[in-house]
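K.L.:
Residue numbers (my numbering), protein chains in the order written: chain A, 1 to 299; chain B, 1001 to 1363.
Since the hints were made in silico from the structure, they are not lab data.
Glycine included, every Cβ here is placed at the ideal spot set by N, Cα and C.
Hints may contain errors.
Here chain B is said to cover these stretches of chain A; the calculated rule only asks that three of the stretch's residues, wherever they fall, bring their Cβ under 8 Å from a Cβ of chain B [claimed, not checked]:
#1 188-194
#2 212-219
Over 10 Å on every C-beta distance to chain A, these chain B residues come out as not near it, computed from the model [as the list claims (entries may be wrong)]:
#3 LEU1070
#4 ASP1075
#5 HIS1098
#6 ASN1111
#7 GLN1142
#8 GLU1162
Some but not every residue of chain B turned toward chain A, in silico, with C-beta under 8 Å [as the list claims (entries may be wrong)]:
#9 ALA1059
#10 ASN1087
#11 ARG1139
#12 PRO1140
#13 LEU1143
What follows is each chain in one-letter form.
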Amino acid sequence: MNAEARNARWNVLGLLPAQLIMLATLIVPVGIIVLVSFSTRGPYGGFDYVFTTAPYRQILFNEGWTGELEFNPQYLIVVARTMILAAATTFICLLLSFPVAYFISLQKATAKMLLIYLVTLPFWVSMIVRVYSWIIILGNDGVIAKTLHALGLVDNMGSLLFTDTAMLIGLVYSYIPLMILPIFASIEKLDPALVEASHDLYGSRLTTLRRVILPLCRPGMMAGSILVFVPCLGAVLEPILLGGGKTMMMGNLIQLQFGAARNWPLGAAISIVLMAAVLVFLVWRGLRAIRRERAEAAA
Amino acid sequence: MDNNGSSEQAKAVEIRGVSKSFGSYQALKPVTFDIRENEFFTLLGPSGCGKTTLLRMIAGFEQPSGGEILLRGADIRGLPPHKRRVNTVFQSYALFPHMTLSQNVAFGLENLGWAKERREARVADMLRLVHMEQFAARRPQQLSGGQRQRIALARALAPEPEVLLLDEPLSALDLKLRQAMRDELRTLQRQTGITFVFVTHDQEEALDMSDRICVLGDGEIQQIGTPAAIYEEPSNRFVADFIGETNFLEAGVLSVDGDNATVSTPLGVTLSAPQKRAAVGGQAWMSIRPEKISLPARPGQIAVDGTIEGANYLGGYTYYVVDTGAAKLRVSKRNAASRGRMFEVGQPIKVSFAAESVRILGA
């Protein structure tokens, strides 16, 4: 056996621990969910290993007593609402994060460290507590309502709480650090000479931002968008606490199926659809990036 | 070409009492000089001498702490970089990685509002000028260092700046390429007729390319002049030391007569030679360049006895260290014959030099 082949064998062996961890923590659990999604619902929750595609059918159709299928858009509405809220959250995070990240990058080294620490600070507190705090802010007796009332600006504004807006605010608040950090990283990587070169070549501040800074920060913005969009799809807390449980997102729907509705296979099926949607999105982005790189290499 | 020129020549840039401080540190003491139209002007000095700061103030990236900068007679203080008709070739080239080469070159023209047709024609001209026309659709990452350098030049020259600023543009290239780019830069300057202001710490580059050199040291102007004047008639010890190589020997000034001074030297001879800033009783050095010392001694010159202490063979030249007892002299000897007469270490030898090759430099 030559050295190269021996090396190749060692490479495989060396990667084995990592692969085992992947197998145990990622592939096996997903496999179980797939299995459950194709099983029959148990009488008291749980599931029986009897193959059926019924859970997937249930996402779109109600099954009548005689077995006829009736189109049921309810779950689809939840999916659409989830997508819209996740997209809106991502967009708002993007708008807010860029100036914040740019501001931080302009500071001196110590101030920079401190500010980045402050951005990540909320992660040190339980997510439930953080989302709960918005109830105090947005509620009828909350800070916003009372302030506006005291100023005499608004007499009775109605509650901000338990609306889609409240959910959106909660989502933006929860996930914005995940947008700020990658954008900050991409701004930090930006060569200051490029900004100077743009000014030198008669580019105004706006031109420089539009034609040099923003395009070069795109990788950070893309990474941040994925980091915000994907967990938003599975958000559970914000709809319960800030949406008041009146409107559901996909996360709540899944939780409901495993909990109160005791329909594990349907919950699993919705989970799989959600994962598949995310996967399709990521693969599409990945392929696009590869194609662009190839096109550039060919030029 | 008349490099010394007359003072009536048009001025591209006027630096008037310009200084720069960063906090309590004065990077540049007030300096005053002119850069003429169409000349290749070099700011030369060791790192930290203020040359890059000066360049960045002309470009508008830094504001002077005092004094004024005039571009073709107009005060440009307070103007942001994008409103100054100067362009910069950056040390790192700073090409936009997300744009093709032609987009890079077109960038300045677009911002100036050039019409599409005129712009495209100019970009094509510029790419042809730097021999890069076949790479127009590539991106900077796909280029070698020398190619990037050329695109950076094309990009900066495209908007027809009144002055082109070059910040150590050759320092990232390897030796062979650097030599080729020197010739190319010089040719480009002649072809375009644009005033070049070139910053470097490499004295050889400066001597090779410049019409005039401004030697900066310790945040001050040490000397401004043609390459030959700077090398042959250094105005002080700093310049003589920084430009090329030389032997310094402490000298005692006996008398000063106009441009000449008579000094006693540690070599045991008294000689009269051109002087700068020498004063009787003051500290002074005699400076003699290694190539101006004859090995072996020539008749009619001031001769000194010594022994060969060391030899460094450098291909075209051999550097000898000759110990004269009182001082060690570095002597360079061209290896003219394929088997030139080599001197052995330890060999006793006589070296000589002409008094007019010596410069007396006061402190």
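K.L.:
For every hint, state whether the structure bears it out.
P.N.:
Hints, one by one, checked against the model:
no.: 1; hint: 188-194; in the structure: holds (count 3)
no.: 2; hint: 212-219; in the structure: holds (count 3)
no.: 3; hint: LEU1070; in the structure: 19 Å, holds
no.: 4; hint: ASP1075; in the structure: 19 Å, holds
no.: 5; hint: HIS1098; in the structure: 5 Å, violated
no.: 6; hint: ASN1111; in the structure: 4 Å, violated
no.: 7; hint: GLN1142; in the structure: 8 Å, violated
no.: 8; hint: GLU1162; in the structure: 13 Å, holds
no.: 9; hint: ALA1059; in the structure: 6 Å, holds
no.: 10; hint: ASN1087; in the structure: 6 Å, holds
no.: 11; hint: ARG1139; in the structure: 6 Å, holds
no.: 12; hint: PRO1140; in the structure: 11 Å, violated
no.: 13; hint: LEU1143; in the structure: 12 Å, violated
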